[in-house]
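**Student:** Build the full structure now, drawing on both the sequences and the hints.
Protein sequence lines, in the order shown, are assigned to chains Y and V.
Per full-length UniProt numbering, the first sequence runs over residues 1 to 408.
Per full-length UniProt numbering, the second sequence runs over residues 1 to 289.
Simulated from the structure, these hints should not be mistaken for lab results.
Each residue gets a CB set at the ideal place from its N, CA and C atoms; glycine is no exception.
Be careful, since some hints might not be right.
To give an idea of the chain V side of the interface with chain Y (calculated C-beta under 10 angstroms), a few residues [said to hold, decoys possible]:
| no. | residue |
| --- | --- |
| 1 | Glu6 |
| 2 | Leu9 |
| 3 | Leu78 |
| 4 | Arg81 |
| 5 | Thr83 |
| 6 | Asp92 |
| 7 | Val115 |
| 8 | Gly117 |
| 9 | Arg142 |
| 10 | Leu146 |
| 11 | Leu208 |
| 12 | Leu211 |
| 13 | Met218 |
| 14 | Val254 |
| 15 | Asn281 |
Pulled a few chain Y residues facing chain V out of the computed Cβ check, cut under 7 angstroms [unchecked claim]:
| no. | residue |
| --- | --- |
| 16 | Asn45 |
| 17 | Thr222 |
| 18 | Thr227 |
| 19 | Gln232 |
| 20 | Lys235 |
| 21 | Glu267 |
| 22 | Glu353 |
Anything over 10 angstroms on all C-beta distances counts as not near chain Y; from chain V, calculated [as the list claims (entries may be wrong)]:
| no. | residue |
| --- | --- |
| 23 | Ala77 |
| 24 | Gly134 |
| 25 | Phe148 |
| 26 | Arg279 |
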Amino acid sequence: MTTTTRKILTAGILSAALASGAASLASAQEVTIGVIGPMTGPAANTGAAHRQGMELAVKEWNAGMVETVSDTPPTATLVFEDSNSKPEVGISAAQRLMTQDSVDMIIGDTLHSHVTMALMEMAPQYGVPILSAEPVSSAIADKVLSDPERYEYYWKGNYNSDGYGQAVHGFYKWAFENDVIEEGNKQIAFVVEDTDYGLANAEQIGKLFEEDGWEVIATETTPTGTTDFYPQLSKLRGLDPDVLISVFTLANSGTSFVRQLDEQALEASHLAIFYPTRPEFMEVAPEIADGLIWAALQFSPEITPAHQEFSDRIEAEFDTPANYSHAHAYCTMLVALRAVDAAGSTEAAAISEEIGKTDYECLIGRMQFGEDHTVRSGADAIPVPVAQMQDGQNQVIWPENVATADAK
Amino acid sequence: MSSVIEIILNGLITGSIYALVGSGIALVYGTTRVLNFAHGELMMIAGYLVLFFAVTLELNVALASFLTLVLVGGAGALIQRATIAPLLARNDWAFQVIAATIGLSIALQSAAQLVWGEQFRTLPYFFSGVAVIGDIRMPWQRIAILVFAVLIMSLCAFVLYRTPLGRMVRATAQDAEAALAVGIPSGLVHTAVFAISAVLAGAGAILLSPLVTVNPWMGVAYLLKGFAVVILGGLGSFGGAVAAGFLLGMIESVGVAFAPTEWRDVIAFTFLIIVIWFRPNGLFAGREG
Numbered sequence: 001m002t003t004t005t006r007k008i009l010t011a012g013i014l015s016a017a018l019a020s021g022a023a024s025l026a027s028a029q030e031v032t033i034g035v036i037g038p039m040t041g042p043a044a045n046t047g048a049a050h051r052q053g054m055e056l057a058v059k060e061w062n063a064g065m066v067e068t069v070s071d072t073p074p075t076a077t078l079v080f081e082d083s084n085s086k087p088e089v090g091i092s093a094a095q096r097l098m099t100q101d102s103v104d105m106i107i108g109d110t111l112h113s114h115v116t117m118a119l120m121e122m123a124p125q126y127g128v129p130i131l132s133a134e135p136v137s138s139a140i141a142d143k144v145l146s147d148p149e150r151y152e153y154y155w156k157g158n159y160n161s162d163g164y165g166q167a168v169h170g171f172y173k174w175a176f177e178n179d180v181i182e183e184g185n186k187q188i189a190f191v192v193e194d195t196d197y198g199l200a201n202a203e204q205i206g207k208l209f210e211e212d213g214w215e216v217i218a219t220e221t222t223p224t225g226t227t228d229f230y231p232q233l234s235k236l237r238g239l240d241p242d243v244l245i246s247v248f249t250l251a252n253s254g255t256s257f258v259r260q261l262d263e264q265a266l267e268a269s270h271l272a273i274f275y276p277t278r279p280e281f282m283e284v285a286p287e288i289a290d291g292l293i294w295a296a297l298q299f300s301p302e303i304t305p306a307h308q309e310f311s312d313r314i315e316a317e318f319d320t321p322a323n324y325s326h327a328h329a330y331c332t333m334l335v336a337l338r339a340v341d342a343a344g345s346t347e348a349a350a351i352s353e354e355i356g357k358t359d360y361e362c363l364i365g366r367m368q369f370g371e372d373h374t375v376r377s378g379a380d381a382i383p384v385p386v387a388q389m390q391d392g393q394n395q396v397i398w399p400e401n402v403a404t405a406d407a408k
Numbered sequence: 001m002s003s004v005i006e007i008i009l010n011g012l013i014t015g016s017i018y019a020l021v022g023s024g025i026a027l028v029y030g031t032t033r034v035l036n037f038a039h040g041e042l043m044m045i046a047g048y049l050v051l052f053f054a055v056t057l058e059l060n061v062a063l064a065s066f067l068t069l070v071l072v073g074g075a076g077a078l079i080q081r082a083t084i085a086p087l088l089a090r091n092d093w094a095f096q097v098i099a100a101t102i103g104l105s106i107a108l109q110s111a112a113q114l115v116w117g118e119q120f121r122t123l124p125y126f127f128s129g130v131a132v133i134g135d136i137r138m139p140w141q142r143i144a145i146l147v148f149a150v151l152i153m154s155l156c157a158f159v160l161y162r163t164p165l166g167r168m169v170r171a172t173a174q175d176a177e178a179a180l181a182v183g184i185p186s187g188l189v190h191t192a193v194f195a196i197s198a199v200l201a202g203a204g205a206i207l208l209s210p211l212v213t214v215n216p217w218m219g220v221a222y223l224l225k226g227f228a229v230v231i232l233g234g235l236g237s238f239g240g241a242v243a244a245g246f247l248l249g250m251i252e253s254v255g256v257a258f259a260p261t262e263w264r265d266v267i268a269f270t271f272l273i274i275v276i277w278f279r280p281n282g283l284f285a286g287r288e289g
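**Tutor:** Written out as structure tokens, the structure is:
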């Protein structure tokens, strides 16, 4: 190799290295984030709330209205795709986002665990970071733990089902010890939707109760969107459980369940999971749900000034008050943007590393990820308080240190 | 004993809705050989209409229901004239009609989401209170579903088997060209059948709306059960669909009582497969003129 050739090669390599660095720096100035959620189908109302929460986060980020990591944060652009609550539709959406829109990162699924279970497989395949939003199924975290290398670029933006499990179990343990609720014959029953979300919650809660000597006498799983629970409730009345847990993601299922439970006059202590967060449920709640115990009251404008202030911003922007899904989507998007900002690059490995380092106090709590790439729950992270509908208003009744009212 | 009675009642109530939906599909198929995949969306439109009249305009429930049935019947007729009738004039229309009604179904769902949004809406109970007999508890609203569904299907059967319109429908179902030759306006009969079918779907929606919520996708689940009922009862048999609707509801109710709910559809569709195995044309095929 002649000296001239060596010089040309060296210059070429240096130029390439500089160009690469310049591209990385340039790309960090702009980031395109693809969002996959249920924009149509039965869960479209939640998808719409996610979209609004994320749009507000990006608007405020781009306008410099929120705290950034660096002094030169990237400008963000969002591209939304519909999962229609179906894994196969979510996969097609991710392929479009990665191949046609060349997104730097994906937030998806915004709601469903079963869609996320499919989407998370795309992270290693395409080398694009994926951060899910509201899904909680522990099965997702179990997959990450089973093969951390494979799921290096996948992160779960909500806590695991055991967050609910520990909250529900902790609440009842406290309630039995303090004579708030009678323990009875130690029999627990579940009516849950047949999704990873519903099943994982039932499994986690059931396991904790069984460790205390309880018996799971029924786990009735119903298709998403079910509204006729009379066959199940007739059966449960015969079984006479002491505690009944219901888990649905759709408000119409929850509304029907609570109304029909009242009509059937079951004597069990009933605790609802998730659906009371939906505004459609709350619209009819004063009529059907007085005394209802539910988890988890993480967004409460009526008793938390910061939440009210956020709700006002959402209302000003979209002409609708905020709910928990708005708040969670807002925080998820800020976690993503802060990671890109901290990475100073749109490289998948750099963004992924920064997501793992997240320690961010947001509306719904302190966002930190564990070894299973999942947001942590608990008093020092994201709290999972148990609430009760009292006189048309939600009150936190557990843990005692944050309770806004006594349990009735 | 009380639990057995509750199982039967639950089965009859669920079955009455399946029967209402299925009989509408069967009526159209029996007369025109068209499988209407947009039948569930006629339910959805009726749900929104009764909400509009009863909640937004605060009309009397009976008047709101009557107006809803008239309008949804008209929508059924319009769909037939605008979408189905032109295709029936072509050769090999069977697949084209399926594609057209599936397309219409998706379009109507999207249109509903655009017009009414993705929020779920609820209609207040028409009948308040719970009937309590011994250990049996049943809300009057659910009992009303059963009573009105039976009345509506009886009225429909009366029209089909005891009136001139019914004779024209049955003649057209047997041979549309022969019926035309003897002066029966087969095209109009087809339109009338679509309207009646839409009214049946609308009646199901009105009865169900206080129990379920009205949303753009409310018809999808019932369409699937409606088709199961039509196959079980015998393709095109109105009476067969009614009987199969009640039978399917009962099987589901008994299934839930003795097995976890996740087995409900497995039990129902296993029964359907067994029936098709032994009676490929359904339980009641060939028993009607």
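**Student:** Does each hint hold? Answer for all of them.
**Tutor:** Outcome of the hint check:
About 5 angstroms separates the beta-carbon of Glu6/V from the nearest beta-carbon of chain Y, less than 10 angstroms, and the hint is met. Because the beta carbon of Leu9/V sits about 9 angstroms from the nearest beta carbon in chain Y, less than 10 angstroms, this interface hint is met. Against a cut-off of 10 angstroms between C-beta atoms, the interface hint on Leu78/V is violated, since the closest Cβ of chain Y lies about 25 angstroms away. Annotation: interface hint on Arg81/V violated; nearest CB of chain Y at approximately 29 angstroms, more than 10 angstroms.
A distance limit of 10 angstroms between C-beta atoms decides the matter here; for Thr83/V the minimum to chain Y is near 22 angstroms, and the interface restraint is violated. Proximity of Asp92/V to chain Y is violated relative to the hint, the smallest CB-CB distance being about 30 angstroms (cut-off 10 angstroms). Below 10 angstroms, beta-carbon pairs count as interface contacts, and Val115/V has none with chain Y, the closest being about 14 angstroms; its hint is therefore violated. Checking Gly117/V against chain Y by beta carbon gives a least distance of about 8 angstroms; that is within 10 angstroms, so the hint holds.
For the restraint placing Arg142/V at the interface with chain Y, the shortest Cβ-Cβ distance is roughly 7 angstroms, inside the 10 angstroms limit, so the hint holds. Among the interface hints, the one on Leu146/V is violated; its C-beta lies about 12 angstroms from the nearest C-beta in chain Y, farther than the 10 angstroms criterion. For the restraint placing Leu208/V at the interface with chain Y, the shortest Cβ-Cβ distance is roughly 8 angstroms, inside the 10 angstroms limit, so the hint holds. The criterion of a C-beta within 10 angstroms of any C-beta in chain Y is met by Leu211/V, whose closest approach is roughly 6 angstroms, and the hint holds.
Interface hint status for Met218/V: upheld, as the beta-carbon distance to the closest one in chain Y is roughly 9 angstroms, under 10 angstroms. Annotation: interface hint on Val254/V holds; nearest CB of chain Y at approximately 9 angstroms, less than 10 angstroms. Because the closest C-beta pair between Asn281/V and chain Y is about 29 angstroms apart, greater than 10 angstroms, the hint is violated. Look at Asn45/Y: its Cβ gets to within about 4 angstroms of chain V, closer than 7 angstroms, so that hint holds up.
Interface restraint check: Thr222/Y against chain V, minimum CB-CB distance 5 angstroms, threshold 7 angstroms, status holds. A cut of 7 angstroms between beta carbons decides the hint on Thr227/Y: the least distance to chain V is about 4 angstroms, and the hint holds. For Gln232/Y, the shortest C-beta to C-beta distance to chain V is roughly 6 angstroms, which falls under 7 angstroms, so the interface hint holds. The closest approach between the C-beta of Lys235/Y and any C-beta of chain V is roughly 6 angstroms, which is under the 7 angstroms cut-off, so the hint is satisfied.
Nearest Cβ of chain V to the Cβ of Glu267/Y: about 13 angstroms, over the 7 angstroms cut. The hint is violated. The interface hint given for Glu353/Y is violated, since its Cβ lies 37 angstroms from the closest Cβ of chain V, which is over the 7 angstroms cut-off. Once the 10 angstroms rule is applied to beta carbons, Ala77/V is consistent with being away from chain Y; the minimum gap is 28 angstroms. With a least beta-carbon separation of about 13 angstroms from chain Y, Gly134/V lies farther than 10 angstroms from that chain, consistent with its non-interface assignment.
The claim that Phe148/V lies off the interface holds: its Cβ sits roughly 17 angstroms from the closest Cβ of chain Y, which is beyond the 10 angstroms cut-off. For Arg279/V, the shortest C-beta to C-beta distance to chain Y comes to about 27 angstroms, beyond the 10 angstroms cut-off, and the non-interface label holds.
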